[in-house]
Amino acid sequence: MQKILIANRGEIALRIINTCHEMGIETVAVYSEADKDSLFVKKATYAFCIGEAPVNKSYLKTDVILEIAKKEAVDGIHPGYGFNSENADFARAVKKAGIIFIGPDPETIELMGDKIVSRRTMMAAGVPVVPGSEDGTSTIEEASKLAESMGYPVMLKASGGGGGIGMVRCENEQALAKSFESTKARAKAYFGSDEVFVEKYIENARHVEVQIFGDHHGQIVHLFERDCSIQRRHQKVVEESPSPFLSENGKRKMYDTALQAAAAVNYKNAGTIEFIVDEKENFYFLEMNTRLQVEHPVTEQITGLDLVKWQILVAQDEKLPLLQTDIKSSGHSIEFRLYAEDPISFLPSPGKIELFEWNSFHGVRVDPGYESGSIVTPFYDPMIAKCIIHGETRNDAIVKASEFFNELKIEGIKTNAPLFYEILKDPEFQKGNYSTSFLTQKSFIAD
Amino acid sequence: MKEIISSMAGTVLNVMVEAGDEVTAGQEVCMLESMKMEIPVESQDAGKVVDIKVNIGDFVNEGDVLVVLE
Chain Y
0 MQKILIANRG EIALRIINTC HEMGIETVAV YSEADKDSLF VKKATYAFCI GEAPVNKSYL
60 KTDVILEIAK KEAVDGIHPG YGFNSENADF ARAVKKAGII FIGPDPETIE LMGDKIVSRR
120 TMMAAGVPVV PGSEDGTSTI EEASKLAESM GYPVMLKASG GGGGIGMVRC ENEQALAKSF
180 ESTKARAKAY FGSDEVFVEK YIENARHVEV QIFGDHHGQI VHLFERDCSI QRRHQKVVEE
240 SPSPFLSENG KRKMYDTALQ AAAAVNYKNA GTIEFIVDEK ENFYFLEMNT RLQVEHPVTE
300 QITGLDLVKW QILVAQDEKL PLLQTDIKSS GHSIEFRLYA EDPISFLPSP GKIELFEWNS
360 FHGVRVDPGY ESGSIVTPFY DPMIAKCIIH GETRNDAIVK ASEFFNELKI EGIKTNAPLF
420 YEILKDPEFQ KGNYSTSFLT QKSFIAD
Chain S
0 MKEIISSMAG TVLNVMVEAG DEVTAGQEVC MLESMKMEIP VESQDAGKVV DIKVNIGDFV
60 NEGDVLVVLE
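Chains as they are written, first to last, in numbering that gives the first Met the number 0: chain Y, 0 to 446; chain S, 0 to 69.
Possibly wrong hints are sitting among the right ones.
[To be verified] Sample of chain Y residues facing chain S (criterion: CB under 8 Å; computed from the structure):
hint, residue
1, P53
2, A184
3, A188
4, Y254
5, L258
6, A262
7, P342
8, P349
9, P377
10, D380
11, P381
[What the hints assert, rightly or not] In the EDC-like style, the derived pairs of lysine to aspartate or glutamate whose C-alpha atoms are separated by at most 20 Å in a straight line are:
hint, chain 1, residue 1, chain 2, residue 2
12, S, K35, Y, D341
13, Y, K56, S, D57
14, Y, K413, S, E37
It is worth saying that the hints were derived from the structure and are not from the lab.
No experiment lies behind these values; they were computed from the predicted model shown.
We treat Cβ as the ideally placed atom computed from N, Cα and C, and that holds for glycine.
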């Protein structure tokens with residue numbers, strides 16, 4: 000490919016631009032009025048404003064994006080994560096325009112995008128799934144009956160949901176009744192369907208996922224796991240690899256199951272199989288993310304690979320650069336999502352970043368979306384940057400990360416950096432002893 | 000008259016009251032979205048809803064009036 004359009008913004012747009020430039024590929028950025036002074040706009044070879052700040056007036060405008068792609072004669076479109084990255088119609092429209100969609104087939108996106116259909120597909124492939132409803136429901140009577148049959152607590156989830164939106168833990172029938180209508184309304188508002196489903200809530204669970212990669216020549220490999228159990232409001236805040244919890248045997252079983260899941264849908268390009276793991280290392284399929292993920296740098300640090308480069312190579316029909324036996328993991332990597340938010344209330348904190356500086360030393364990687372002087376607007380997610388720290392051992396990575404945050408300078412807006420100090424010095428975190436309830440159990444954040 | 004004010008900039012995701020409704024202090028009246036986060040807006044006072052100043056999808060700034068109570 001000679002020229003790629005990046006249909007995204009912020010740090011992921013910049014991340015993709017950097018790899019494209021390393022590969023000698025020209026880049027086309029599209030941006031909203033609110034992002035006109037952004038880093039990714041400055042770094043792209045070409046940049047075009049596509050509309051107003053709200054995402055439905057800019058980043059989700061498929062027709063406008065395709066018009067620019069055709070005018071600029073790009074070879075491919077990289078969707079990043081979020082926005083149109085898991086929109087099968089977008090992928091189809093790109094293909095129809097004669098442009099390469101840098102991601103999996105639209106059919107796979109569609110199949111895996113519906114939580115109920117993907118559960119059924121995985122069950123048919125022999126992959127264990129969390130006990131839950133076979134079908135979606137839109138009546139409280141049905142949901143209540145299902146919850147009763149599997150026992151409380153349960154999770155109420157939007158069928159088309161993701162990213163922690165539209166998920167509510169219900170302790171009992173009253174809580175289910177209270178949350179049902181609001182969850183349906185949110186499901187409808189965010190995902191276009193008010194269908195929800197009920198799933199058994201697994202206590203003290205861990206969220207562990209496996210990065211997989213497939214090509215158009217029938218090869219699928221895994222790139223090890225990421226433990227993403229440190230979450231706030233069901234959204235990941237800290238991710239690490241290897242998982243400090245899983246045994247070697249548990250990891251092997253999970254890799255095999257992830258490959259089985261990927262093979263069941265003839266997966267191509269970068270994808271992630273997410274699992275929920277109980278205290279005895281039993282794991283269950285949660286969902287498959289048919290895109291590059293926010294936390295992909297953790298995998299890049301332990302493997303030394305560039306996953307965006309792999310995405311581009313696979314999209315242009317090349318074979319995966321390495322065989323499974325050639326892919327090695329080395330050391331330990333931890334990623335911290337630096338958010339523009341109040342460190343106590345965790346409410347968003349938009350505004351101007353007066354100063355943003357950090358000390359780069361061996362093993363430190365920062366993927367920024369902003370720089371000193373940037374304005375963080377209320378229109379998009381609150382992530383300012385990803386700070387990814389690699390050490391020879393987990394303890395080395397923790398010590399380095401503590402040093403990194405000690406020296407980080409960010410002024411003008413509130414951030415969650417103080418939370419990372421607390422996590423890093425917590426004895427249980429240091430032992431690797433944590434679950435998805437860690438932040439609420441430690442009272443670092445409100446439930 | 001008492002006004003329920005937005006404490007931050009964001010998009011109105013949902014309005015949970017209608018004109019004529021009686022609300023209690025602490026009751027959620029609106030749901031805003033800011034930086035992809037859902038933020039409920041609660042009424043500080045009890046009263047009857049006499050005016051709703053926003054619609055679903057509107058963008059509001061910090062300090063904007065969302066709902067007026069009597």
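Going through the hints against the structure:
At its closest, the beta carbon of P53 (chain Y) sits 7 Å from a beta carbon of chain S; the interface hint therefore holds under the 8 Å criterion. With a least beta-carbon distance of about 6 Å to chain S, the hint placing A184 (chain Y) at the interface is held under the 8 Å criterion. The criterion of a C-beta within 8 Å of any C-beta in chain S is met by A188 (chain Y), whose closest approach is roughly 6 Å, and the hint holds. The interface hint given for Y254 (chain Y) is violated, since its Cβ lies 32 Å from the closest Cβ of chain S, which is over the 8 Å cut-off.
Among the interface hints, the one on L258 (chain Y) is violated; its C-beta lies about 32 Å from the nearest C-beta in chain S, farther than the 8 Å criterion. Contact between A262 (chain Y) and chain S, as hinted, is not supported at the beta carbon level, the nearest pair being about 33 Å apart and thus beyond 8 Å. Interface restraint check for P342 (chain Y): the shortest CB-CB distance to chain S comes to about 15 Å, outside 8 Å, so the restraint is violated. Interface restraint check: P349 (chain Y) against chain S, minimum CB-CB distance 6 Å, threshold 8 Å, status holds.
Nearest Cβ of chain S to the Cβ of P377 (chain Y): about 4 Å, under the 8 Å cut. The hint holds. Of the supplied interface hints, the one on D380 (chain Y) holds, with its beta-carbon coming within about 4 Å of a beta-carbon of chain S, less than 8 Å. Residue-level restraint check for P381 (chain Y) holds (minimum Cβ-Cβ distance to chain S is 4 Å; threshold 8 Å). Taking the CA atoms of K35 (chain S) and D341 (chain Y), the gap is about 15 Å. The hint holds against a cut of 20 Å.
Distance check on the hinted pair: K56 (chain Y) and D57 (chain S) sit about 13 Å apart at the alpha-carbon level, within 20 Å; holds. The hinted pair formed by K413 (chain Y) and E37 (chain S) meets the criterion: a straight-line CA distance of about 18 Å does not exceed 20 Å.
In terms of the numbered hints stated before, the structure departs from hints 4, 5, 6, 7, listed from lowest to highest.
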